[in-house]
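A.B. asks: As a plain string of letters, each chain reads:
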Amino acid sequence: MTGSARSEIFARIRHASRGAGAEQIVGELRSLGRAPAAALPCDDLYTAFLVNVLNNQGTVDCAADRSGAVAAVGKYLYEHYRTHRLVAGNDQRLAAMPWRDAGVLPRFGALEPGETVAMSYARLGVAELGAVVTFTGRANPAANNLLAENHIVLVDGAELVPDLEAAWATINMLTAEEGRPRGINFIAGPSSTADIEGKLVQGAHGPRQWHVILLAEAGEEIVEKAREIATPG
Amino acid sequence: MQQHSENFLDNASEALGNKSQAEFRDLMALFTPLVRDAAVQGFEGFDQLRSHVKRIRQHSLDNLDHYLDTYEQHALENGNQVHFARTGDEMNSIVLDICQQHQATRIAKGKSMVTEETGLNDFLQRADLEVKETDLGEYIIQQAGETPSHIVGPALHKTAGEVRELFLDKHELGERDLSEPADLVSEARSVLRRHFLEAQVGIIGANALIAENGYSMLVTNEGNGDLCANLPPVLIICTSVERILPRAEDATAMLRLLVRSATGQPQTCYTSFYSGPRREGDLDGPVETHIVLLDNRRTDILASDYREMLQCIRCGACLNHCPIYTSVGGHAYGWVYQGPMGSILTPLLTSLEQSAALPNACTSCGRCEEVCPSLIPLPELLRDLRHQEMEQKLTPSRWRFGLKMHAWLARHPRLYQFFTGLGIPLLHLVGRRRGSFRRLPMASGWTSQRDFPSPQGKTFMQQYKAGRKAQ
Amino acid sequence: MDKQLDNPAGVQGPSVYLFVTCLADLLRPSVAFDSIRLLEDAGCQVTVPLQQTCCGQPAYNSGDFESTVPLAKQVIAVLEPADYVVVPSGSCAGMICQHYPGLLEGEWRERALELSTRTFEITTFLNDVLKARRGKRPPITLPPVTYHDSCAGLRELGIKQQPRELLREFCDSEVAELQQTDVCCGFGGTFCAKMPEISGKMVNDKLNNALATEAQILAGGDLGCLLNIAGRARRMGRDIEVRHIVELLSGDLDGPAIGEGK
Numbered sequence: 054m055t056g057s058a059r060s061e062i063f064a065r066i067r068h069a070s071r072g073a074g075a076e077q078i079v080g081e082l083r084s085l086g087r088a089p090a091a092a093l094p095c096d097d098l099y100t101a102f103l104v105n106v107l108n109n110q111g112t113v114d115c116a117a118d119r120s121g122a123v124a125a126v127g128k129y130l131y132e133h134y135r136t137h138r139l140v141a142g143n144d145q146r147l148a149a150m151p152w153r154d155a156g157v158l159p160r161f162g163a164l165e166p167g168e169t170v171a172m173s174y175a176r177l178g179v180a181e182l183g184a185v186v187t188f189t190g191r192a193n194p195a196a197n198n199l200l201a202e203n204h205i206v207l208v209d210g211a212e213l214v215p216d217l218e219a220a221w222a223t224i225n226m227l228t229a230e231e232g233r234p235r236g237i238n239f240i241a242g243p244s245s246t247a248d249i250e251g252k253l254v255q256g257a258h259g260p261r262q263w264h265v266i267l268l269a270e271a272g273e274e275i276v277e278k279a280r281e282i283a284t285p286g
Numbered sequence: 002m003q004q005h006s007e008n009f010l011d012n013a014s015e016a017l018g019n020k021s022q023a024e025f026r027d028l029m030a031l032f033t034p035l036v037r038d039a040a041v042q043g044f045e046g047f048d049q050l051r052s053h054v055k056r057i058r059q060h061s062l063d064n065l066d067h068y069l070d071t072y073e074q075h076a077l078e079n080g081n082q083v084h085f086a087r088t089g090d091e092m093n094s095i096v097l098d099i100c101q102q103h104q105a106t107r108i109a110k111g112k113s114m115v116t117e118e119t120g121l122n123d124f125l126q127r128a129d130l131e132v133k134e135t136d137l138g139e140y141i142i143q144q145a146g147e148t149p150s151h152i153v154g155p156a157l158h159k160t161a162g163e164v165r166e167l168f169l170d171k172h173e174l175g176e177r178d179l180s181e182p183a184d185l186v187s188e189a190r191s192v193l194r195r196h197f198l199e200a201q202v203g204i205i206g207a208n209a210l211i212a213e214n215g216y217s218m219l220v221t222n223e224g225n226g227d228l229c230a231n232l233p234p235v236l237i238i239c240t241s242v243e244r245i246l247p248r249a250e251d252a253t254a255m256l257r258l259l260v261r262s263a264t265g266q267p268q269t270c271y272t273s274f275y276s277g278p279r280r281e282g283d284l285d286g287p288v289e290t291h292i293v294l295l296d297n298r299r300t301d302i303l304a305s306d307y308r309e310m311l312q313c314i315r316c317g318a319c320l321n322h323c324p325i326y327t328s329v330g331g332h333a334y335g336w337v338y339q340g341p342m343g344s345i346l347t348p349l350l351t352s353l354e355q356s357a358a359l360p361n362a363c364t365s366c367g368r369c370e371e372v373c374p375s376l377i378p379l380p381e382l383l384r385d386l387r388h389q390e391m392e393q394k395l396t397p398s399r400w401r402f403g404l405k406m407h408a409w410l411a412r413h414p415r416l417y418q419f420f421t422g423l424g425i426p427l428l429h430l431v432g433r434r435r436g437s438f439r440r441l442p443m444a445s446g447w448t449s450q451r452d453f454p455s456p457q458g459k460t461f462m463q464q465y466k467a468g469r470k471a472q
Numbered sequence: 016m017d018k019q020l021d022n023p024a025g026v027q028g029p030s031v032y033l034f035v036t037c038l039a040d041l042l043r044p045s046v047a048f049d050s051i052r053l054l055e056d057a058g059c060q061v062t063v064p065l066q067q068t069c070c071g072q073p074a075y076n077s078g079d080f081e082s083t084v085p086l087a088k089q090v091i092a093v094l095e096p097a098d099y100v101v102v103p104s105g106s107c108a109g110m111i112c113q114h115y116p117g118l119l120e121g122e123w124r125e126r127a128l129e130l131s132t133r134t135f136e137i138t139t140f141l142n143d144v145l146k147a148r149r150g151k152r153p154p155i156t157l158p159p160v161t162y163h164d165s166c167a168g169l170r171e172l173g174i175k176q177q178p179r180e181l182l183r184e185f186c187d188s189e190v191a192e193l194q195q196t197d198v199c200c201g202f203g204g205t206f207c208a209k210m211p212e213i214s215g216k217m218v219n220d221k222l223n224n225a226l227a228t229e230a231q232i233l234a235g236g237d238l239g240c241l242l243n244i245a246g247r248a249r250r251m252g253r254d255i256e257v258r259h260i261v262e263l264l265s266g267d268l269d270g271p272a273i274g275e276g277k
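Chains as they are written, first to last, in our numbering: chain A, 54 to 286; chain B, 2 to 472; chain C, 16 to 277.
Negatives, chain B to chain C, calculated, CB over 10 Å:
#: 1; residue: Gln74
#: 2; residue: Leu198
#: 3; residue: Gly282
#: 4; residue: Lys470
SDA-like cross-link-like pairs, simulated, lysine to any residue; straight-line CA separation at most 25 Å:
#: 5; chain 1: C; residue 1: Lys175; chain 2: B; residue 2: Arg51
#: 6; chain 1: C; residue 1: Lys209; chain 2: B; residue 2: Gln4
#: 7; chain 1: B; residue 1: Lys133; chain 2: B; residue 2: Gly162
#: 8; chain 1: A; residue 1: Lys278; chain 2: A; residue 2: Ala124
In short, the hints are calculated from the structure, not lab data. Quick reminder that beta carbons are idealized off the backbone N, C-alpha and C, glycines included.
Can you build the whole structure from these sequences, using the hints too?
C.D. replies: Structure below.
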């Protein structure tokens with residue numbers, strides 16, 4: 054059935070298409086140029102990213118190095134959950150973190166029922182969206198993004214890009230090297246819904262909290278500055 | 002989905018009679034344009050973005066054979082099985098076959114207007130499959146046995162109180178406090194979480210299909226679509242052929258328009274790109290993935306003067322800004338798509354005969370076109386459909402005759418002025434004391450709602466000619 | 016094109032053809048007389064071609080393009096000789112400027128396009144082209160005014176500031192703005208008769224928004240909308256004077272407002 058459906062649909066589309074050659078099509082597409090991106094809320098890329106994360110109902114922190122990041126995670130876990138446990142994918146970068154220094158006890162793998170906090174190391178961050186990007190795979194099972202109550206994401210300052218076009222340039226480069234991952238996830242906030250009377254509620258199906266830690270030698274003050282600029286809705 | 006578009010006027014009348022719902026719609030009509038405007042104003046260069054995406058979409062449709070072919074190749078390379086469906090029935094059968102091959106009984110479904118169009122849920126349920134909608138709005142209306150009233154917020158016609166009653170009735174969870182929307186969201190979350198974990202098949206739609214790499218884009222706030230795409234062992238993506246865009250960056254350029262136009266957000270929570278089944282070494286994800294591409298007359302639209310309608314990104318902005326949609330709500334339209342886009346798509350995807358009222362549910366006010374992120378000339382397409390109705394004699398004969406008579410008379414100025422010169426002064430004489438008529442023969446549509454202002458006196462032409470003679 | 020406008024007062028101004036519109040012709044001739052007066056005061060030579068009737072919107076918007084085409088050609092032929100064509104209606108001016116070219120083909124499309132460059136809705140013509148000023152005349156005294164932006168004028172021709180600036184210039188009057196001023200009043204030509212209940216809801220909203228401004232006059236530039244709103248006000252027994260903008264600008268306020276008795 055589907056074979057004849059395929060050829061019939063293709064024939065009908067061909068009939069309504071221009072029949073241009075591939076080379077001409079590529080040339081035309083290139084000539085259409087690039088889409089305008091959203092303006093960043095401030096000049097500094099790090100701050101702009103944090104502002105938009107805050108605008109997306111996320112919470113933020115900034116750490117200068119890996120031990121700072123571990124300390125920030127430990128503090129966050131204790132303050133919010135009185136726990137030292139979290140789940141993370143088999144990400145080499147996460148495995149190499151000095152967890153013990155902050156007393157954090159990570160389990161590496163996919164989130165299991167009963168586990169509340171998951172942590173991911175983002176492949177990149179997009180300032181325009183205030184989003185982090187993860188790839189599904191051993192290093193970051195999909196369940197960790199979606200089934201945790203709280204999702205903590207670490208992102209390298211050096212891996213921030215200003216806009217979506219720059220994000221795709223990076224992603225296309227990474228996938229050319231590593232192969233195409235099953236899923237590429239842009240995450241920009243805790244899961245939310247406004248389906249009942251248009252009222253925004255956090256924690257629809259996915260995480261209720263989303264905490265982003267920027268790994269960059271930028272100093273505490275950019276977090277403060279970001280909070281001043283941000284206008285979470 | 003069963004169609005009731007032929008009852009548009011009765012449906013509308015009923016909707017207008019429901020006071021509390023009408024008030025809520027008025028509130029939304031005030032509120033949603035403000036939210037959208039703020040989001041659009043926050044994006045400098047929104048008009049340039051619209052034009053850019055418009056050119057890309059035009060280019061994609063002009064070369065759809067090329068891009069569909071490229072997409073299919075990459076999707077196959079990524080490990081998907083790709084299916085083509087000429088009609089809704091074909092899509093439904095393909096999906097059912099896949100489910101049955103896996104002896105699936107539980108299906109978790111993400112929001113998909115295409116499957117609303119084909120009536121997939123009913124079809125699968127008739128084969129004894131348990132299909133649960135997982136988008137909160139879709140879940141609510143599914144539990145209530147209703148249809149979407151809005152393509153983006155399908156359950157926005159229901160109050161929190163109604164949802165509470167519904168949940169108390171449908172979920173056997175004993176005494177509990179459901180006084181806040183947050184309580185209702187939490188309850189749906191826990192009920193559906195179980196279903197997600199048990200479902201054997203996930204079904205989702207796609208906001209775009211990307212030719213260059215075979216990925217499909219899925220945009221949600223709740224994350225429900227992602228749970229459908231990641232947890233069950235089999236994933237089926239039901240979508241349609243016109244969703245194809247050349248590059249990933251084109252899909253996300255469109256996303257910038259979509260989020261601002263749909264919900265007034267600068268960004269939705271989850272924008273995901275899925276390529277196929279789990280890779281070697283992956284700890285989770287579906288082991289088998291299918292993509293079902295529906296035509297259902299879209300290739301007819303592609304070959305017609307309504308081609309631009311295929312650029313619609315289903316944002317719902319035209320609904321939120323249409324004074325007729327906001328007056329009568331989405332159910333009046335009697336099918337899957339509502340408002341201006343629905344009044345065009347419904348006749349094109351079903352039949353003009355059955356939906357003849359819809360293209361007339363328009364004052365040509367142009368507000369929809371002004372906010373359309375795809376710059377579709379909606380009022381013009383609606384007028385073209387009215388033209389088709391006129392040609393096919395679907396317009397009531399008294400209207401056709403009346404309009405032709407009027408136009409004929411207007412082409413004969415002397416006769417026109419003779420007749421109006423007789424009638425108008427007479428009407429003036431009768432109506433001048435009160436200044437308006439409560440009733441007037443042949444104008445019952447007008448006078449059912451408002452008085453008809455009486456003419457001021459003789460016609461302008463009579464007075465003007467008399468004045469020139471006197472000089 | 017502007018050279019005739021640069022002429023000092025007293026020297027022959029531009030030749031303007033007034034397209035009266037069928038609604039003004041039949042129901043409110045004062046709109047046409049007031050338009051003539053305003054144009055003459057601004058130095059124009061006004062002609063009213065006698066071969067005019069209707070621009071064809073009823074048939075066109077109902078999808079009867081076949082009946083509209085000959086009518087459009089007739090209107091073009093009648094109006095072409097003018098330097099300018101002025102229309103006291105946004106929707107009729109929009110019909111000529113925006114829709115005739117799309118409806119016609121070949122030579123007639125060219126002629127329609129050419130005419131569209133010289134055709135103006137009256138407040139646009141007075142304010143933007145003539146830059147009409149009150150001069151030494153005293154300002155016209157008005158009670159509080161609100162303004163209904165008709166959809167065709169607003170969206171097809173971008174008429175928004177023009178009537179407000181003219182009210183400021185001629186009447187020293189600031190418009191009390193309506194809530195949801197960019198939302199349709201429910202007239203929509205034949206729509207109001209085809210779907211009366213929905214139209215009734217829309218015009219009722221418009222009327223209530225107008226009453227909420229506490230203005231005594233609701234003005235507008237399109238008789239279709241004004242007849243609709245005035246008719247609803249009469250039906251509901253609400254006191255608000257509904258008048259065409261040219262009546263205000265020319266101080267023609269003594270006669271009954273639209274839908275009011277003597």
